[in-house]
Structures are given as C-alpha cells and as structure tokens.
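With these hints in hand, go ahead and build the complete structure from the sequences.
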Amino acid sequence: MSTAGAPLLEAEGLTLRFGAIPALEEVALSIWPGEVVAIVGESGSGKTTLLRVLSGLVRPERGTVRYHGADGAVRDVHGMAESRRRLLHRTEWGFVHQNPRDGLRMGVSAGGNVGERLMAVGARHYGSIRAEAAAWLRRVEIDPARMDEVPTRFSGGMQQRLQIARTLVTRPRLVFMDEPTGGLDVSVQARLLDMLRGLVADLDLAVLIVTHDIAAARLLAHRMLVMRHGRVVEQGLTDRVLDDPQHPYTQLLVSSVLAA
Amino acid sequence: MTIAAGYNFGYLDEATKRMIRRAILKAVAIPGHQVPFGSREMPLPYGWGTGGIQVTASVIGPDDVLKVIDQGADDTTNAVSIRRFFAKVAGVATTGRTAEATLIQTRHRIPETPLREGQILVYQVPMPEPLFRLEPRVAETQRMHALADYGLMHVKLYEDIARYGHVAISYNYPVMVNRRYLMAPSPIPAFDNPKMDRMPALQLFGAGREKRIYAVPPHTEVRSLDFEDHPFVPIRADAACSLCGSRDTYLDEIVTDDRGGRRFICSDTDWCASRREEGR
Ligand SMILES: Nc1ncnc2c1ncn2[C@@H]1O[C@H](COP(=O)(O)OP(=O)(O)O)[C@@H](O)[C@H]1O
Ligand SMILES: [Mg+2]
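Line by line, the protein sequences give chains A and B. Mapping to our numbering: the first sequence position 54 is 54, numbers consecutive. Mapping to our numbering: the second sequence position 195 is 195, numbers consecutive.
Think of the hints as simulated: they come from the structure by calculation, not from any bench. Accuracy of the hints is not assured; some may be wrong.
[Unchecked claim] Label pairs and their in silico Cβ distance ranges:
id, chain 1, residue 1, chain 2, residue 2, range
1, A, D239, B, P36, 58 to 64 Å
2, A, N99, B, S81, 52 to 58 Å
3, A, L252, B, R180, 52 to 58 Å
4, B, D160, A, R62, 46 to 52 Å
5, A, P22, B, E221, 49 to 55 Å
Just so you know, even glycine gets a beta-carbon here, dropped at the ideal spot from N, CA and C.
What follows is the structure, given as structure tokens:
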C-alpha cells in the first residue's frame with residue numbers, strides 16, 4: 001500500500017436525503033491505490049448509501065466523486081456518460097453485495113458466473129474462459145469440479161466466495177464491498193476474511209469495505225471511517241481509531257464490541 | 001391488375017404507410033436496431049404475421065411480384081391467405097418462384113435460391129428482442145443495446161457448451177449485425193443464418209404484437225455469435241431430399257407410415273420443384 005501520488009477515488013461534500021432522513025451529510029473521503037478503507041457504523045447510518053453514491057449507482061443531491069482512471073484521466077463519476085460508468089463497473093471496479101443473490105446470476109453455473117465479466121470485456125475463447133474460471137474457483141477454495149453447478153446448490157459462504165471470484169476475475173483496481181461477511185456464520189466469516197486479506201494483498205487491490213464488524217475492520221483495513229446519521233464522525237488509521245477513539249460514538253462502538 | 005372496391009392500395013391508409021416507411025428508413029439507417037412503430041390492427045390475428053404484413057403493405061408497389069412462404073412452402077394456409085390478401089388489396093401479381101419475385105414475405109425460412117439486389121425479404125417476427133429470455137426487464141435490454149453490452153448473450157452460449165458440448169439453439173440463433181447490434185433473426189433455422197450475411201437483397205423484419213421494425217440493408221455483415229474454439233456450425237439433417245436428391249438444403253422430416261418410416265424432403269418447395277424440372 002502507498003498513499004503517495006494521487007488518490008484513486010476522491011469524494012467531497014456528499015449529501016443525500018430520503019425525505020426527512022439525512023442518509024449522507026457532507027461526507028468527504030479519499031482512497032489511494034492498494035489501500036483498504038473500512039466504513040463502520042450502526043444500521044441505518046448511511047454506509048450502503050455512501051457506497052452506492054461513491055460507485056455512481058445513486059446520484060447525490062450535492063457533492064462530487066472523482067475517479068482517477070487507469071488511463072491517467074480524472075473523471076467526475078456522476079458527470080461521465082453512463083456507458084463509461086458501466087464499463088468501469090465491469091473492468092476497473094468491482095462491487096461485492098452483502099447478499100450473494102444480488103451479485104450472482106443464480107440460474108447460471110459457477111463457471112458462467114465467473115466467466116461473465118471476461119465475456120463482457122470481449123473474451124471469445126471458450127477454453128480460455130473456462131480455464132480462467134477454474135483457476136479463480138480454486139483461488140476462492142471452490143472445487144473446480146463443481147464449476148458447472150448453479151450457485152443455488154452452494155452454501156452461503158461458497159456463494160459469497162463465488163461472488164468474490166466473479167468480481168475479481170477482471171483484476172479491478174477498486175472494489176466496493178457491502179458487508180461481505182454479513183449473513184454468514186461466525187466460523188465461515190473468519191475463513192472468508194482470511195481469504196479476502198490474502199486476495200487483497202496479492203492483487204494490490206484498493207477496497208472500500210462496509211462492515212459493522214469491528215474485528216473485521218481491524219483485520220483488513222488500513223484506515224477506517226465511523227459513520228453516524230449520515231455523517232463521518234471520526235476517521236483515521238484503524239489501530240488509532242480502535243485503540244484511542246476520540247468521538248463518544250466511536251468509544252461506545254468500540255467498548256460494546258469489547259464487552260460482547 | 002385491379003384492387004378490390006373499398007380498399008386503399010395495400011390495405012393501409014397512406015398516413016399509416018408513411019409512418020411505417022419512416023420506421024423502415026430509420027431501421028435501414030441503423031442496421032439491426034429495433035425501431036418502435038404504431039402497429040395497426042390487421043384483418044388477421046397476431047401470430048399470423050401482422051408485423052410482416054404491415055411492412056409488406058408499406059413497401060409494396062403496383063409492379064411488384066409477391067411471393068409468400070411459410071416454413072419454406074408457398075401452399076400452406078397462412079401463405080395462401082396472405083398472398084390472396086395482397087392480390088385483393090394491392091392487385092399485384094404473385095408467384096411461387098423465388099427468382100421471379102421482387103418482394104418475398106416469409107415465416108421461418110430464407111429461400112434456398114440466393115436473393116439478388118433489388119429484391120426485398122420481409123420476415124414475420126413473433127419476438128424481436130434477442131435478450132428477452134435472459135433479461136426480462138425491457139428498460140434493461142434497451143440499455144444493453146444502447147451500450148452494446150452483450151456479455152450476457154455469450155454467457156448463454158457458454159452455458160450451452162458447458163452443458164451439452166455445443167450451442168443448443170437451432171432456431172432464432174442470435175446474430176451481430178454490422179458489428180454493432182445483437183439481433184433476433186426470427187425463428188428461421190440456424191442453417192439459414194449464413195444466408196443473411198452480406199445478402200444483396202434488403203431484409204426487413206416486422207413484429208406486430210411487439211410493435212418493432214428492424215432491418216439489414218444489402219451487403220451488411222451478419223455474424224452468428226460463437227466462440228473462437230466453438231465456431232458456429234449451420235446444422236441440417238444428414239440426408240438427401242427424397243424428391244430432388246439435394247444434399248445442401250434444409251430438409252423437413254416426413255413420417256411416412258405408422259411403423260417409424262420417415263423420409264426427408266426440401267423445406268423450400270419452389271427450390272425442390274425447380275431442381276426436379278431441371279433434372280428432367
Ligand atoms: N431508497 C431509499 N429510500 C428511502 N430511504 C432510504 C433509502 N435507502 C436508504 N434509506 C434510508 O437512509 C438511511 C441510510 O440507509 P443505508 O445507507 O442503507 O444505511 P446502512 O447501510 O448504514 O444500514 C436509513 O435511514 C435508510 O432507511
Ligand atoms: Mg447497509
């Protein structure tokens with residue numbers, strides 16, 4: 001990880017309300033290449049909304065998001081043509097949803113799920129697509145012998161690992177993850193976190209990961225942001241925030257984890 | 001030639017024909033792109049080719065010679081009634097001969113006789129959207145076309161090969177038109193797909209119920225989707241026509257008795273008859 005040079009993604013003044021609910025209020029953040037940033041906060045604090053706004057899926061009322069592309073150009077995520085944003089989503093970016101059903105095609109085989117992004121960017125050799133899909137399944141600890149099975153036959157943990165393989169197969173630079181371990185058993189969560197940590201390091205990924213699991217944030221993230229009622233109340237290096245929380249809400253969050 | 005009393009030439013009123021012609025011109029200008037049009041009620045039920053009939057009615061002229069085929073044959077109920085309809089409302093000459101026709105309306109086949117410049121082939125289309133089985137949301141399929149985002153169609157081909165060892169689509173096999181738009185060729189056999197590629201005749205597609213017109217202008221590239229290591233193969237029954245002996249045409253299988261006897265004959269009745277005449 002290096003924070004030298006330009007940030008990959010930079011947001012300023014993000015504000016979005018749903019009726020009276022301030023889902024985001026003046027949120028600013030930056031993420032640098034190879035950096036893992038965790039966004040923590042209680043349910044309803046605006047974490048998912050923030051990810052969706054940062055990745056261009058939802059437009060903010062105010063504020064800007066700028067992305068520094070692999071081609072060197074800096075672009076306004078909400079000002080770019082939809083075609084370019086979609087291209088980013090299947091090439092330089094990835095999005096891992098909390099519910100694997102939102103990120104997988106449940107009627108398509110595991111191999112087809114992993115191969116889709118390759119085909120979407122022009123891969124037209126069946127044998128190579130299949131070999132690449134098998135390699136990725138192995139990498140996320142799914143037996144390639146099961147690559148022709150549909151994900152409905154997989155456990156929750158396997159589905160989530162499949163979603164991760166499907167997302168990473170085109171080597172994105174920046175991955176958005178929304179509670180990737182959310183619905184899983186504790187032991188399954190631990191295994192997934194270990195796997196994610198390995199992949200992130202190997203691939204030198206930048207990751208924005210939403211989690212309400214402080215332990216996961218400690219394990220994965222270089223930096224963290226604490227959100228409450230749509231605002232970032234505290235941010236800093238993960239160890240600093242967790243060992244020496246400044247904001248009363250962060251103190252409460254950390255102590256409730258320690259007490260649990 | 002005379003038109004039956006009380007009908008406008010070609011049945012449709014002039015304003016409707018102009019509207020449909022505008023849609024056709026746009027379709028020709030953007031090969032493979034589906035253009036919406038205000039489909040009219042026709043004196044035939046949907047499924048009988050109301051889209052094709054409206055396209056034919058809008059491009060037909062008094063000097064045209066019309067051929068209508070259904071599954072390759074000129075003498076089925078559907079083909080006969082559409083031919084009679086235009087003989088009545090446009091007073092045009094009709095023919096069974098592909099070479100003599102200037103305008104051919106078809107359901108489910110492309111004639112075996114190569115079409116030439118100046119001819120128009122009108123397809124009856126039940127479902128114009130090639131992605132509809134894969135993506136049920138119409139707005140999303142439109143976005144996929146707008147962005148040429150067709151990875152999903154390849155996923156379908158990938159799944160077929162993984163499951164069956166080959167692409168299991170024998171009719172309505174998806175094609176890329178002019179390297180830009182994914183298009184449903186209507187339920188013609190995949191065997192006919194190569195005939196669409198760089199065809200000298202103009203190809204027009206009309207979908208009445210779905211209210212869409214699309215087109216392939218003459219000499220336009222039409223490629224059947226495939227993989228480099230699983231190239232598209234136009235499949236036909238490995239047999240000869242029992243009437244004309246042809247080994248390179250699309251064949252229909254006919255059950256000849258109740259003891260499992262069967263034989264194959266050309267699906268294109270005009271082609272088969274011409275071959276037999278030449279043979280004599
Ligand atoms: N589409 C929406 N319409 C209305 N309210 C929404 C919508 N999305 C989120 N909200 C509200 O905005 C707030 C933040 O939601 P969300 O970003 O999902 O929080 P988190 O992911 O931190 O749990 C919540 O109060 C939620 O109910
Ligand atoms: Mg959420």
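For each hint, the structure was consulted:
1. A/D239 x B/P36: 58 to 64 Å: About 59 Å separates the Cβ atoms of A/D239 and B/P36, which means 58 to 64 Å holds.
2. A/N99 x B/S81: 52 to 58 Å: 53 Å, holds
3. A/L252 x B/R180: 52 to 58 Å: 57 Å, holds
4. B/D160 x A/R62: 46 to 52 Å: 48 Å, holds
5. A/P22 x B/E221: 49 to 55 Å: Cβ of A/P22 to Cβ of B/E221: about 54 Å, so the range 49 to 55 Å holds.
Consistency note: the structure conflicts with none of the earlier hints.
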